[in-house]
Every structure is written in structure tokens, then in C-alpha cells.
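K.L.:
What follows is each chain in one-letter form.
Protein chains: 4
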Amino acid sequence: MKRFVLFVPLVAGLALAYAPALAHTSTIAPVVASSAIYAPITVAEVEAAQKAWGEALVAISTEYDTKGHAAAKRLAEQVLDTAYGYTMGPVLFKPTLTMAPQTFRTTRDGALAYFVGGDKAYPNDGGFALKHWRKFQLENAGIVIAGNTAISMGNLMLWDDKNNMTKVDKTWGYVRGGDGKLRIVLHHSSLPYTPK
Amino acid sequence: MKRFVLFVPLVAGLALAYAPALAHTSTIAPVVASSAIYAPITVAEVEAAQKAWGEALVAISTEYDTKGHAAAKRLAEQVLDTAYGYTMGPVLFKPTLTMAPQTFRTTRDGALAYFVGGDKAYPNDGGFALKHWRKFQLENAGIVIAGNTAISMGNLMLWDDKNNMTKVDKTWGYVRGGDGKLRIVLHHSSLPYTPK
Amino acid sequence: MKRFVLFVPLVAGLALAYAPALAHTSTIAPVVASSAIYAPITVAEVEAAQKAWGEALVAISTEYDTKGHAAAKRLAEQVLDTAYGYTMGPVLFKPTLTMAPQTFRTTRDGALAYFVGGDKAYPNDGGFALKHWRKFQLENAGIVIAGNTAISMGNLMLWDDKNNMTKVDKTWGYVRGGDGKLRIVLHHSSLPYTPK
Amino acid sequence: MKRFVLFVPLVAGLALAYAPALAHTSTIAPVVASSAIYAPITVAEVEAAQKAWGEALVAISTEYDTKGHAAAKRLAEQVLDTAYGYTMGPVLFKPTLTMAPQTFRTTRDGALAYFVGGDKAYPNDGGFALKHWRKFQLENAGIVIAGNTAISMGNLMLWDDKNNMTKVDKTWGYVRGGDGKLRIVLHHSSLPYTPK
Numbered sequence: 001m002k003r004f005v006l007f008v009p010l011v012a013g014l015a016l017a018y019a020p021a022l023a024h025t026s027t028i029a030p031v032v033a034s035s036a037i038y039a040p041i042t043v044a045e046v047e048a049a050q051k052a053w054g055e056a057l058v059a060i061s062t063e064y065d066t067k068g069h070a071a072a073k074r075l076a077e078q079v080l081d082t083a084y085g086y087t088m089g090p091v092l093f094k095p096t097l098t099m100a101p102q103t104f105r106t107t108r109d110g111a112l113a114y115f116v117g118g119d120k121a122y123p124n125d126g127g128f129a130l131k132h133w134r135k136f137q138l139e140n141a142g143i144v145i146a147g148n149t150a151i152s153m154g155n156l157m158l159w160d161d162k163n164n165m166t167k168v169d170k171t172w173g174y175v176r177g178g179d180g181k182l183r184i185v186l187h188h189s190s191l192p193y194t195p196k
Numbered sequence: 001m002k003r004f005v006l007f008v009p010l011v012a013g014l015a016l017a018y019a020p021a022l023a024h025t026s027t028i029a030p031v032v033a034s035s036a037i038y039a040p041i042t043v044a045e046v047e048a049a050q051k052a053w054g055e056a057l058v059a060i061s062t063e064y065d066t067k068g069h070a071a072a073k074r075l076a077e078q079v080l081d082t083a084y085g086y087t088m089g090p091v092l093f094k095p096t097l098t099m100a101p102q103t104f105r106t107t108r109d110g111a112l113a114y115f116v117g118g119d120k121a122y123p124n125d126g127g128f129a130l131k132h133w134r135k136f137q138l139e140n141a142g143i144v145i146a147g148n149t150a151i152s153m154g155n156l157m158l159w160d161d162k163n164n165m166t167k168v169d170k171t172w173g174y175v176r177g178g179d180g181k182l183r184i185v186l187h188h189s190s191l192p193y194t195p196k
Numbered sequence: 001m002k003r004f005v006l007f008v009p010l011v012a013g014l015a016l017a018y019a020p021a022l023a024h025t026s027t028i029a030p031v032v033a034s035s036a037i038y039a040p041i042t043v044a045e046v047e048a049a050q051k052a053w054g055e056a057l058v059a060i061s062t063e064y065d066t067k068g069h070a071a072a073k074r075l076a077e078q079v080l081d082t083a084y085g086y087t088m089g090p091v092l093f094k095p096t097l098t099m100a101p102q103t104f105r106t107t108r109d110g111a112l113a114y115f116v117g118g119d120k121a122y123p124n125d126g127g128f129a130l131k132h133w134r135k136f137q138l139e140n141a142g143i144v145i146a147g148n149t150a151i152s153m154g155n156l157m158l159w160d161d162k163n164n165m166t167k168v169d170k171t172w173g174y175v176r177g178g179d180g181k182l183r184i185v186l187h188h189s190s191l192p193y194t195p196k
Numbered sequence: 001m002k003r004f005v006l007f008v009p010l011v012a013g014l015a016l017a018y019a020p021a022l023a024h025t026s027t028i029a030p031v032v033a034s035s036a037i038y039a040p041i042t043v044a045e046v047e048a049a050q051k052a053w054g055e056a057l058v059a060i061s062t063e064y065d066t067k068g069h070a071a072a073k074r075l076a077e078q079v080l081d082t083a084y085g086y087t088m089g090p091v092l093f094k095p096t097l098t099m100a101p102q103t104f105r106t107t108r109d110g111a112l113a114y115f116v117g118g119d120k121a122y123p124n125d126g127g128f129a130l131k132h133w134r135k136f137q138l139e140n141a142g143i144v145i146a147g148n149t150a151i152s153m154g155n156l157m158l159w160d161d162k163n164n165m166t167k168v169d170k171t172w173g174y175v176r177g178g179d180g181k182l183r184i185v186l187h188h189s190s191l192p193y194t195p196k
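Chains as they are written, first to last, in this note's numbering: chain A, 1 to 196; chain P, 1 to 196; chain E, 1 to 196; chain X, 1 to 196.
Calculated directly from the structure, the hints in this document are not laboratory data. Do not rely on the hints blindly, as some may be mistaken.
Where chains are identical, the list cannot tell them apart; a pair therefore holds if satisfied intra-copy or between any two copies.
Here are the simulated lysine-lysine pairs, DSSO-like style, with alpha carbons at most 27 Å apart [claimed, not checked]:
1) Lys196 to Lys167
2) Lys196 to Lys120
3) Lys51 to Lys120
4) Lys181 to Lys162
5) Lys67 to Lys181
6) Lys120 to Lys67
7) Lys51 to Lys162
8) Lys196 to Lys51
9) Lys196 to Lys67
Given the sequences, and given the hints that come with them, work out the whole structure.
P.N.:
Encoded structure:
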């Protein structure tokens, strides 16, 4: 458990007039809380959260196709509560297919409407997660870890049940929730730019 | 300088059988480094950085219109080095008008090409900052401060010299640089979604 | 709710050859989560946590003097679980009166033994919180806020029921717990140095 | 460089009525700035900073014994500027052998006086670094990494040129400086408690 390290002092430009006892050792026995709420987020955690997000989207689509809207909505609510940080404060969420004046969805209701539709307060929302998604692929352009936050940017490719592909530019920002698990507090998604 | 506070202990459910000397005072003389590299980012700092970004874009456009491309490029380089974190590591930058395979600009060269064009390595870049911008307006949907990082999301409206308006959905992520000033390490910009 | 700010661009050394529409406004409507787990710790929160610590120590002493050891121990456990971060990982705790090989109390058991004694595994612990404390005074030399952590250093003066005063040099380090409230993850306390 | 991962979706309790194309892959090519100012501090960095501190103390002592006070003071100033965060704000520093009213040394002058003495403003400072230290040993009780800060607690053993040993209880708190290297912003050192 304990690691003993022998330090040989290397002090540049230091003339030692005599030779004292020089050996000095260092005993290091760190006790580190690596999974605590305050622990830095790791790249592996970000990748796992991204994978979980894609799997959840496919799961909601499949739930909808096999069990109907009510079941899909229930699953979407579970996903929102475990993957996003709406219980901790506003989430900066700009979904792919939203328009003014409802472009940004800082509340859980707005996010739920976007994913499964059926909310009169969001009449343009058809339910993005109901589009029969069956597989996904992520390609990160970069991940930045800053203290105990993390942001990722890259492409998400989604295929529906007819194997049609949709590609989006995707940014996610993560913090830790009260249980130490990652929560999305930033989500900016947009269709690739195409010149007119 | 010193603040004296008289504390009256209120311990719920505590029966005091006798009356000891109860007055206990607290002297607090905090010495706090509020502008240090490690200090939390404030909303005011985020708003100031946003304002500076808009002003810099207008300035580059005006420099281009009045002094030409070389001057505009010099100014753009200054802006990149003071506003973005490219000297600290990769920046997650998805500009408004970029396409695959050059959608993401994690390097300073890629960002400079986007703003002022003229780089053979980025043949599709016409120079976004050269579009004769004259004024801007920002409308934040939200700002999240997480430790000593910050993210903002909202709309940016830009007007050119003919008063044509361009509106984009804009996300910025900030950290502190070595001088304690904010640097952009995340920038996701996209045109509003329009149904076909 | 919305704040409109008129920005007058001041670009040093910029010659404007003509006069375009210059007024550009900025609309800022921040939605900020100031009490979230990821929110920076404030000086006011640190001062409140320090005050709560002192009050809790007096409360445990008073509980002991009025209701006995079992009641004091129950209260000490509550205090440990709400004021310290032992449920999140090891706590770096060097109490005032501990000696090798039990100087450091990184576990909850070690901290409880220190405060209320009566644990055979810690035979030298008489119970620091049982020393009939009646009032306290804090004098901070400084508080440093770093991201969503905070550290404070200063003097704590404690008076017992006979008005005898004990003074210690005290350092506390704080993070946020899962409920967003401060938890001590560092506590170094020592008697003032006195030359022999 | 790119890592391809095949994801097999495992959605508990999900009945798949039909069999869509299930293979979904994820391509992850993270670009991470691990040495940036905003990067989390690692245990290895803390251990290296501790080792550097011990080596620096021995170096100042040796410089004093071989070259005299002026040389030792110059070296101490270099050490302070590279190891401590005085240029970033106040440092919470409670050295081993200081007394009221000069117990806490939140300024660089106070720290320098403690290490090499000779400052009339600190008449009790004999110069801790001049005590002919020749070797050191560190034994950490724990290290806590919180975002991009770190704290360590443990014992430091120091031997002088006559092989007399001094043992202290030592806490250090670290942040990153503008150059990305660790700086001490908290230092609480105390002699072990001995019952009278």
C-alpha cells in the first residue's frame, strides 16, 4: 500500500562544501477519493455518458415502436432525470430541430416535449426520439476536461429503421450530479451547414 | 475591516439545564483573492466577454472595409489570442458556416481561416469577419457557472452595412487564462433550424 | 427580467471612413443556477459553515452536560454527517489533540472517537467535544475560493463553562456535498507554537 | 488514433418485436488538453510538488551553510515565487514556529522572513530554512483532488547536519499557476501535540 521513493536531490549549481547524510526518502501513501462528487471528470466517463445517451435514444425509439407512446414517454422521463441536470438548475439545451420562440429548452418540460412530443405548450414538437432510431455512431472532434466539468464536441450519426442516416454537429457539457454521476448541463445540436 | 458578529446559538431540541455564558462572537476578516486564476467566473465577466467578442467582430469588419485584408487579419490574430484559449490547448470550435471535413476548428489556424479567409488549407472559408458587420445584439437564454468555468447559450444577431440581419444560435464555454482573463474553449454556432 | 444594455463600440485606433448604423444593443437574460452542486462556493457560505461548526461543538458539549454521553454521541454523529464529507471519501483531519500513530483521522470512526471518546480503538481520545464548551469566537486570517472549493485559515477561541479559554490555529477546506451544502474535507487544527 | 467501439445495446426490460439493424458503432478521437491551466491536478503532480518543496528546503539550508545568508535568501525568493502562489493573491500560510500576532503569513514578505529571517518587521523569525537541513521524508495520510485544486496532509520528517530529526504535521493546498504548474495557496504546519 505504501510507496517508498528514494529522492536523490539534484540542486543545480549547488556546491556542497562537505558531505552530509544525503539520502532522504519519501513515503507516499495517498488516500484519494476518485469517484467523489468533487473528483475531476475523466475522458472515460465522458465517453461512457455519450454511449449511454445514444443507447437511450435508440431505446426510447424502440420502446415507442414496440409498446407505444406512453411507454416511450415514461422511458424518456427516466432518461432525462438520469442523463440531464434539470433537477440541479437550468440546462442550456438547443436541440437540433427547434425554432424561435422555443429554440432553447432550459426546463425539463421543454426537453421532454422535444424528445417525445405530445405537449400542447410545444406545438411544433413531433418527438425527436420517436423517429425509429436503431443505431448511432459518435465521432468526437475533442473533449476538454476543466476541473470537475467536461465538454465534448463532434458528430453524431443516427440511423432509423429504414437505414436512413441523419448527421448532426453535437456539443455536450457535463458536471457531476449529487450521486457523483455525470449530468448534461449543456447540449447544443445542429444540422450541418449547407450553402444555398 | 474586521466584522464582528454576535452568534446566538439556536440548537433545536436542546434543553439547557443551567445558564452558561452564552455570548460567543465571531470575528471574520476574510482576505479573498477574487481575481485570481483560480477564482470562480462571474456572470458579469461572461457578459463582458460576450460584449468584447461582438465588438471585436465589428472591429475586424470595419478594419477590413477601411484598411484592407492585411490589417483585418492582424486584428483577427490579436482577437484570437486574447479571446480564445488556443495557446492553452485545443479549442472546441464549430463555426456557423463550416462543412465536413473541416467543420470543427480545434486549432488557431483553422479559426483564423474561418474569420478572415485567405488560407489555401481551408478553401471554403470566405472570411466570416469580413462580411461588413456593423452592429450586434446578444440575447442569452442562460448562463451556467460551474467552478471556475462558465457556459452561455443564446442568440446573436448581427447586422451588416446594408442593415441585413443574420441570427445564429450561439454557445460559448469559458475558462480563465494564465492572466486571469476569460478565454473561449468552446464555441458552437449554428443557423436556426428551418423546416424544409 | 431582461436587461438591455446599449453598447457603444470603442475600438482603439480604428479609423471609420464612413458612418454605418453603429448602435448595437445587447439583451442579457441570464438563467443562473447559483445554488447548484457545481456552483462556486461563496465567502458567505464559508462563514456560515464556520459558525455552524462552532455552534455544533457548543451544542454537543451542552448535550453532554445536560443529557449525558449517549445523547452527545448521537448529536456528534449528526454533526459529522452534515458538516464533514466522510460519506464522499476520506477526510483530511488532523485534530488538535491527537498523537502518532493516530494523528490523522481520515475515517468517520476516527473523527467520532476524537469528538466524544469512548472508542477502544482510539484509547487516547477523551472526547474533545465533551470539554464543557460554552462559547466560541472565530478570526479568519484568510479565505480562498478556488472554483467550487474553499479553504479558510485563522484562529478559533473556545471558552468552557469556567470561562477558561483555549485558542487554536485552524484550517478548514470545503467542497459541496450531493445536497449542494458545504462539507469539510480538510481540517487541520493545532495549538499555537510556544518556544521552550 | 481513432478508437472504434462496437456498442451492443442492452436495454433492460425491452421487448424487441422485430429485428432492426442493431450494430451501432462509436468513433472516439478525443483531443484533450491534459496540461492546461484548467486541467485537473493529478496525484503525481502533488507528489512531485511535495518532493520539490523538500529538496528546495535542503537546498536553501545547504546554500546558507556553504555560501552564506545573501545567497540563501536569493534562493529562498526563487523558491517562494515558483512554489507558492503569492503573486496570485494571499496565501494561507501557518508555519511551524510562528506566534501571535504574526502566526499567519498571507504575504510573500512574511513567508520570506519565516524561511530566512533577517527582517526587522518579523523580529521572532530566526530563519527556518537556515537550520542546516540535510534530508527529508514525507508520509502522506491522504491526498484529495477536487476539480483543479488539490490538498495533501501527512507528516514531514526533517534531519539536520547532526542527524537530529524534526517531525511536523503538514497540510498543503495547491492550485495551478498561470504557467500550469502547481502553486501552494495553503500551508498549515504544526509540531505534533504532546500532552503536558
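K.L.:
For every hint, state whether the structure bears it out.
P.N.:
Hint-by-hint comparison with the structure:
no.	hint	verdict
1	Lys196 to Lys167	both (18 Å within a copy, 16 Å between copies)
2	Lys196 to Lys120	between (33 Å within a copy, 22 Å between copies)
3	Lys51 to Lys120	neither (31 Å within a copy, 36 Å between copies)
4	Lys181 to Lys162	neither (34 Å within a copy, 49 Å between copies)
5	Lys67 to Lys181	neither (29 Å within a copy, 41 Å between copies)
6	Lys120 to Lys67	within (22 Å within a copy, 53 Å between copies)
7	Lys51 to Lys162	within (22 Å within a copy, 46 Å between copies)
8	Lys196 to Lys51	neither (34 Å within a copy, 30 Å between copies)
9	Lys196 to Lys67	neither (41 Å within a copy, 30 Å between copies)
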